[in-house]
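Using the hints provided, position chain B with the ligands relative to the given structure of chain A.
2 protein chains.
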Amino acid sequence: TQSTWGVHLRTMLHRSLYSLTSKVLAIGRNYAGHAKEMKSEVPQAPMFFMKPASSIITEPHPIEIPDKLVVHHELELAIIIGKSGRDIPESEAMSYVAGYALALDLTARDLQWEAKKKGLPWTVAKGYDTFTPLSKIFTCEDPHDLNMWLKVNGELRQKTHTSDMIFRVPRLISHISSVMTLKEMDVILTGTPEGVGPIQAGDVVTAEIEGHVAVEWSVVDRARPRL
Amino acid sequence: TQSTWGVHLRTMLHRSLYSLTSKVLAIGRNYAGHAKEMKSEVPQAPMFFMKPASSIITEPHPIEIPDKLVVHHELELAIIIGKSGRDIPESEAMSYVAGYALALDLTARDLQWEAKKKGLPWTVAKGYDTFTPLSKIFTCEDPHDLNMWLKVNGELRQKTHTSDMIFRVPRLISHISSVMTLKEMDVILTGTPEGVGPIQAGDVVTAEIEGHVAVEWSVVDRARPRL
Ligand SMILES: [Mg+2]
Ligand SMILES: [Mg+2]
Ligand SMILES: [Mg+2]
Numbered sequence: 043t044q045s046t047w048g049v050h051l052r053t054m055l056h057r058s059l060y061s062l063t064s065k066v067l068a069i070g071r072n073y074a075g076h077a078k079e080m081k082s083e084v085p086q087a088p089m090f091f092m093k094p095a096s097s098i099i100t101e102p103h104p105i106e107i108p109d110k111l112v113v114h115h116e117l118e119l120a121i122i123i124g125k126s127g128r129d130i131p132e133s134e135a136m137s138y139v140a141g142y143a144l145a146l147d148l149t150a151r152d153l154q155w156e157a158k159k160k161g162l163p164w165t166v167a168k169g170y171d172t173f174t175p176l177s178k179i180f181t182c183e184d185p186h187d188l189n190m191w192l193k194v195n196g197e198l199r200q201k202t203h204t205s206d207m208i209f210r211v212p213r214l215i216s217h218i219s220s221v222m223t224l225k226e227m228d229v230i231l232t233g234t235p236e237g238v239g240p241i242q243a244g245d246v247v248t249a250e251i252e253g254h255v256a257v258e259w260s261v262v263d264r265a266r267p268r269l
Numbered sequence: 043t044q045s046t047w048g049v050h051l052r053t054m055l056h057r058s059l060y061s062l063t064s065k066v067l068a069i070g071r072n073y074a075g076h077a078k079e080m081k082s083e084v085p086q087a088p089m090f091f092m093k094p095a096s097s098i099i100t101e102p103h104p105i106e107i108p109d110k111l112v113v114h115h116e117l118e119l120a121i122i123i124g125k126s127g128r129d130i131p132e133s134e135a136m137s138y139v140a141g142y143a144l145a146l147d148l149t150a151r152d153l154q155w156e157a158k159k160k161g162l163p164w165t166v167a168k169g170y171d172t173f174t175p176l177s178k179i180f181t182c183e184d185p186h187d188l189n190m191w192l193k194v195n196g197e198l199r200q201k202t203h204t205s206d207m208i209f210r211v212p213r214l215i216s217h218i219s220s221v222m223t224l225k226e227m228d229v230i231l232t233g234t235p236e237g238v239g240p241i242q243a244g245d246v247v248t249a250e251i252e253g254h255v256a257v258e259w260s261v262v263d264r265a266r267p268r269l
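So the protein lines, in turn, are chains A and B.
To get the numbering used here, take the position in the first sequence, counting from 1, and add 42.
To get the numbering used here, take the position in the second sequence, counting from 1, and add 42.
Isolated chain A, as found in the complex:
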C-alpha cells in the first residue's frame, strides 16, 4: 500500500542522508552523573573522540554484538552539522546546526577499560559496525530543553533532561571546530547521562526524545564467516 511505501521511503531518506556523513565526534563525560559512575573526573574543557561513519545504522537494522563482548548502551543527543566550518565562534555556532537526532554511543566496555589502562586508542572499543544507531533527524527550538530516556526490554535504564549537559551545544561545536574542520552531515554525540549498562542478543532497546523521536532496535550476535 501507499502508506507502507511512505514509511519505507522515509527510512531510506534518512539512511541516504547519513551516507553523506564523514565523521562522528563523541563527547565524553558531559553529564556529572555518568562521569561519577565511570569513576572519572569532570573535565575542564570538552573531551572528545571519533567514531567511524561505517558504524552508523538506522532502523530497522539491528545492533550487532561482536565476539560476545560486553557492549554498553549510552543514550545521547546528536547534533547534525549543516555546513562546513572551522574555528567557529560560540556566538555563531547555532547557525551550523541542521538538526538533531537520538543516538546510541555503543561501547565495548571491557575493551575501553583495557585501552584506558594501557594508554591506547579507544577506536576499536567505540568503532565496531552498528555501534552508532541514529534516529531520523528533527529540529527543535532549544536542544537543552529535551527529555530523553532509554529502556531495555521495557525496563527504564537511562533518563535525563538535556539541561544537565556540562558543556552545551555552542561550546561543543566551537571547541571541536578549533581542532578539525566540521563538514555538512558530520555528527556530534553530546555525551551520556548515568545508567549505562550491557545489552545482549535477544534484547530490544527502545528510546525517545519526548515529542520528537521514538526508536526501537533489536540486538543480535554479529555473524562471523568461517575464514
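No lab work stands behind these hints: they were computed from the structure.
Be careful, since some hints might not be right.
A pair holds if it fits inside one copy or across any two, identical chains being indistinguishable in the list.
No more than 27 Å apart at the CA atoms, straight line, and that leaves these computed lysine-lysine pairs for DSS-like [to be verified]:
#1 K225 / K110
#2 K110 / K159
#3 K125 / K158
#4 K78 / K193
#5 K178 / K225
#6 K125 / K193
#7 K225 / K125
#8 K158 / K81
#9 K193 / K178
#10 K178 / K160
Relative to chain A, chain B with the ligands alone:
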C-alpha cells in the same frame, strides 16, 4: 601553458579522489625501531586508531602547526582501499587494494603523551586539520619491497625498507575489517619507522618512496581568527 595545466589537473585529480575518503585508519608500533624509541612494547596483534578525513591535505597545501604544539613527522606507507568489505580473509585482502601513497601521520606529541598517561583518546593529538598529508596514488608489485625516506630541510630523518613492517598489508586489512567495514577510498597508514621528530613553521619536509613518488610540503603556523 598546457603543461602547467597538466600539472594542475593532476593535483586536482588526486584531491578529488581523496574527497571520497570516509576514514583514515593508522597502525601504531608496526616497526620495532619506532616502538623502541617510544618506549612501547611491540604488540601481539595490530593496534590501530583513526584520523579524520578532514585532516588530509595534498600538495601544495602547507602543513599547519596549531597553537605552537610539538608536532612530529611520521613517514608511512598508505594503503588505498579499492572496494568495500568486512571480515576480509588475509588470502583475499590484496584484491581490496586500489593502490598506495606516501603519507605523513603528523602527531601532536605532547598531547599524545598526555592522552596516554591519562587513558584518554588520541583523537585530538592525531586529528588536527592538515595532519594527514598524502601523495598521489601509485600502484606497485610488492608493497613490502619499497625504500622510503624523509628529510627536514634537506637533512635525513627517517629511512626504511617496508620489509621491516611487523604486520604486513594483508594482515592489516583483514584485522581492521574484522572490526569495521572498509569502504572504497578508505586509507590505512601502515606505521612509521624510527627517527620521528619535531617540525616547525619555516621547515620544508621532503620525502620519497623510491621509484614511485616524491613530495614536498612547507610548514606554517596555523592562523587563528580573533574570536
Ligand atoms: Mg564521505
Ligand atoms: Mg558516549
Ligand atoms: Mg603513525
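* Could you place K178 and K225 in one of the four classes (within, between, both, neither) given a Cα distance threshold of 27 Å? => Both: 19 Å inside a chain and 23 Å across chains, each within 27 Å.
* Identical-chain pair category, K225 with K125, by Cα at 27 Å -> Both: 6 Å inside a chain and 24 Å across chains, each within 27 Å.
* Asked: Which holds for K178 with K160 at a C-alpha limit of 27 Å: within a copy, between copies, both or neither?
  -> neither (37 Å within a copy, 36 Å between copies)
* Asked: For the identical chains here, do K158 and K81 meet the 27 Å Cα criterion within one copy, between copies, both, or neither?
  -> both (12 Å within a copy, 18 Å between copies)
* Classify it for me, K78 with K193: is the Cα-Cα distance of at most 27 Å met within a copy, between copies, both or neither? => The answer is within: 21 Å in one copy meets 27 Å, while 47 Å across copies does not.
* Asked: Can you tell me if K193 and K178 fall within 27 Å by alpha carbon in one copy, between copies, both or neither?
  -> within (18 Å within a copy, 49 Å between copies)
* Intra- versus inter-copy proximity for K158 and K125 (alpha-carbon distance at most 27 Å) -> Close neither inside one copy (34 Å) nor across copies (33 Å); limit 27 Å.
* Can you tell me if K225 and K110 fall within 27 Å by alpha carbon in one copy, between copies, both or neither? -> between (35 Å within a copy, 25 Å between copies)
* **Intra/inter-copy verdict for K125 and K193 if alpha-carbon distance must be at most 27 Å** => neither (33 Å within a copy, 38 Å between copies)
* Asked: For K110 vs K159, is the C-alpha pair at or below 27 Å within one copy, between two copies, both, or neither?
  -> Within one copy only: 21 Å inside a chain, 29 Å across chains, cut-off 27 Å.
Hints 3, 6 and 10 from the list above are not met by this structure, while the remaining hints are.
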